Amino acid sequence: IMGAPFSKTTTHWSDGNYFNSTNNQDDLTVITTTNGLGYRQDDYGNTRGAATAMVPVNGTQLNFDGIIEQNTDVDYIRFDAGNGSVSFNITTFSDRPNLNVFAALYDSSGTLVTFVNPKNDPGAILTASVTTGTYYLRIEGVGSDDVYNSTSDAVVAPTPQPYNQNPPLGFSDYGSLGFYFVTGSVPAATADYGDAPDSYSTTDAAGGPSHLGTGPILGAVRDTESDANPGPNANGDDNSGIDDEDGVQFLNIIVPGGTAKIRVTSVTGGILDGWIDFDGSGTFDPTEQVILDFDLPVGVTDFDIPVPQTAAIGTTYARFRIAATAFDVDSPVGSVNNGEVEDYKITVKPRQVINEVLFNTPGDNTGKEYIELRSAPGTLIDNGTYLVVVEGDGNGGTIDMVYNLSGLQYGANGYLVLLQKDSPYASLVDPDSTVVTSTQVGWRDFGARVFINGFSENNLENGSQTYFLINAPARPLLGGDIDADNNGTPDGSIYGVWDILDSVGFIDSNVGDQAYGAINFRTSGGGLTPTGSVSVDSGAAELGYIGRNLISEGPAAAGWVGGVISGGAAPIWVLSSATPNTFNGRPLDHIGSLNFDQLDFGDLPDSYNTTKANNGASHGVGGPILGTVKDVESDGSPTTGANGDDNLSSDDEDGVLIPALKEGTAGVVSVTINNVTAGAFVYGWFDWNANGSFADAGEAVISQSVAANGTVNFNVTAPIGSFDTTNGATYARFRVSTTALAGPAGAAADGEVEDYAITVLTSA
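Taking our numbering, the leading residue of the sequence shown gets 14, the next gets one more, and so forth.
Don't take each hint at face value.
[Unchecked claim] If you anchor each label on the Cβ, the simulated ranges turn out as follows:
1. N59 - T690: 41 to 47 Å
2. G397 - N656: 47 to 53 Å
3. Q262 - D308: 15 to 21 Å
Bear in mind the hints are in silico, worked out from the structure with no lab data behind them. Bear in mind that the values here come from a model prediction, so they are computed numbers and not experimental data. Even for Gly, the Cβ is constructed at its ideal location relative to N, Cα and C.
Assemble the whole structure, with the sequences as input and the hints as a guide.
What follows is the structure, encoded as structure tokens:
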């Protein structure tokens with residue numbers, strides 16, 4: 014049963030499995046049940062998935078000890094290594110050990126690298142050549158003649174069992190238990206780190222993002238380092254070793270309420286996630302995830318990222334991570350065993366708009382014209398910024414004038430005024446404005462800033478034309494054609510490189526003329542405008558102003574009335590005399606950029622946070638939508654029927670199908686989501702106790718990410734006994750956005766909100 018084999022190097026225990034045993038006593042059971050001793054607590058994980066992570070001392074030394082507590086115990090240790098050789102010397106007690114060691118090494122995918130199972134030595138020495146990655150060391154107690162089965166990845170007793178033969182040889186794994194001691198060396202593992210300031214949790218000590226140098230990459234290059242090198246320019250990684258920030262390009266000027274055009278390149282493909290700190294808080298908030306688990310293909314992929322209206326002006330940072338699985342990169346922090354991270358310093362700049370263009374009436378070349386631009390006070394205009402005038406008469410699209418605005422600065426009041434020489438308006442300009450006046454007649458001689466072709470040097474008005482405020486890699490050349498097929502839609506290599514900051518077009522009465530701007534004016538209905546653009550019809554009246562700082566006056570065509578384009582794609586408003594909704598009394602600082610918010614709001618009673626003043630749920634332009642229709646308004650429209658939004662403009666509550674819910678019985682709520690390009694989040698709240706709030710426990714009912722367009726079904730069960738005082742009447746709110754939302758209130762950069770009045774049937 015038990016023995017003291019003094020001539021042997023091991024001590025073993027028996028449960029009667031040796032040849033000709035006469036007393037089949039389970040020794041381990043006797044030992045562990047006597048006096049309530051039990052087994053020791055397990056010290057390391059028993060599977061690869063539960064492996065205990067260890068960090069090598071000084072990056073290379075992995076020394077530890079452990080115990081095989083039971084004959085079912087297997088210890089797994091996880092560690093990272095670089096390129097080179099690993100070596101582990103696993104020893105047991107030198108005198109009569111109980112434990113006979115089997116050891117194996119696996120890579121991150123679970124593939125066996127090597128194993129050792131010495132027959133006549135209770136310890137083991139394991140060595141292997143490895144490449145950069147994560148590895149698992151497996152240690153367990155085995156019998157003297159046990160063999161490794163590669164099919165089952167298990168160590169099993171041979172058949173027949175030598176210790177059950179006559180004479181018995183060796184021993185089983187029954188009592189192969191006890192202490193072991195590991196002295197290990199591994200090649201130091203290096204990883205790719207970010208380099209944004211450490212407020213973004215960039216360094217290893219802060220739990221920052223790190224990727225072992227294997228697997229998918231951004232761009233074509235990845236380097237590795239021992240830790241992050243954070244800094245205000247987000248270039249510490251670039252300056253140390255290889256500059257591997259080659260995977261992401263920001264293609265345009267980023268402004269609040271605009272679109273950040275981002276180009277991502279990868280020679281491998283992988284799962285991509287991205288964050289931009291739009292509020293400038295120094296952290297990547299959950300709502301600032303702009304790319305969610307996108308399956309990035311090999312090559313070049315472009316993204317249009319909505320910029321919140323509330324984005325902070327100035328320097329901020331972006332982080333992009335790629336890896337083999339979404340689980341690896343669903344957070345801006347944390348270490349993974351593959352992929353790459355790239356951090357970028359970016360700038361959010363103030364919006365610039367064409368605030369007003371005053372031109373002479375046809376045939377009047379008196380030099381009274383001016384151009385008024387507007388931005389945040391003191392804004393310095395980037396190099397490569399131009400005001401471009403494009404011909405719209407007949408065979409349109411020709412560039413007739415280019416004004417180089419590079420290096421100019423907006424005044425203390427936010428205005429930049431371009432005046433003709435001796436303009437009678439010079440004395441009327443606010444002294445806080447920046448004013449640039451020509452030195453010669455008309456639009457000539459602004460210090461070689463102005464280039465004119467095809468119309469009078471005094472007269473901007475040339476029948477039909479479009480004014481573009483752009484940023485471009487080179488000055489557009491006079492005579493260039495942005496509309497080669499003359500269909501009213503810009504195309505070609507000239508227009509394709511323009512970053513359009515603002516635009517406005519004017520059409521006279523000639524049928525067939527074109528206007529290319531987002532806002533297009535007509536004098537009597539003539540001309541062609543691109544699909545999706547905004548049109549203002551002034552009737553037969555001559556329009557002398559393009560944009561004007563004024564208060565609109567009523568529902569007539571000259572007072573600018575408008576309706577809403579369904580779907581939410583910019584531009585938002587279609588202005589014409591045929592639509593019923595009025596801008597009466599709303600301030601307009603620029604007809605191309607209305608200065609009341611172009612957002613989608615809800616229409617529940619305001620106790621649910623509906624109006625702007627009450628932190629109402631609102632969604633900016635673009636992004637995923639619920640159903641097929643999205644409208645916009647300047648504020649929430651709270652009503653007891655939850656139909657204020659529907660009655661104000663188009664009825665866009667078309668994305669959610671709510672069945673007749675009954676207390677205590679599950680009903681299927683169907684939510685249809687469209688316009689999903691890079692993932693989306695969908696949410697739903699139900700006011701189960703009808704107390705005018707979604708803040709109570711259990712009222713946040715739906716929270717799910719989606720990857721593509723489609724309908725998602727949710728099982729929703731109303732609690733019993735909550736609606737006695739309201740006869741079952743209550744409300745629900747649904748929201749969708751490309752970014753995660755904190756709750757049923759507050760602003761989202763894009764997406765849609767839909768509010769519903771519902772009735773829950775009682776269970777009686």
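Checking against the hints above, which ones are violated? Those not satisfied: there are none.
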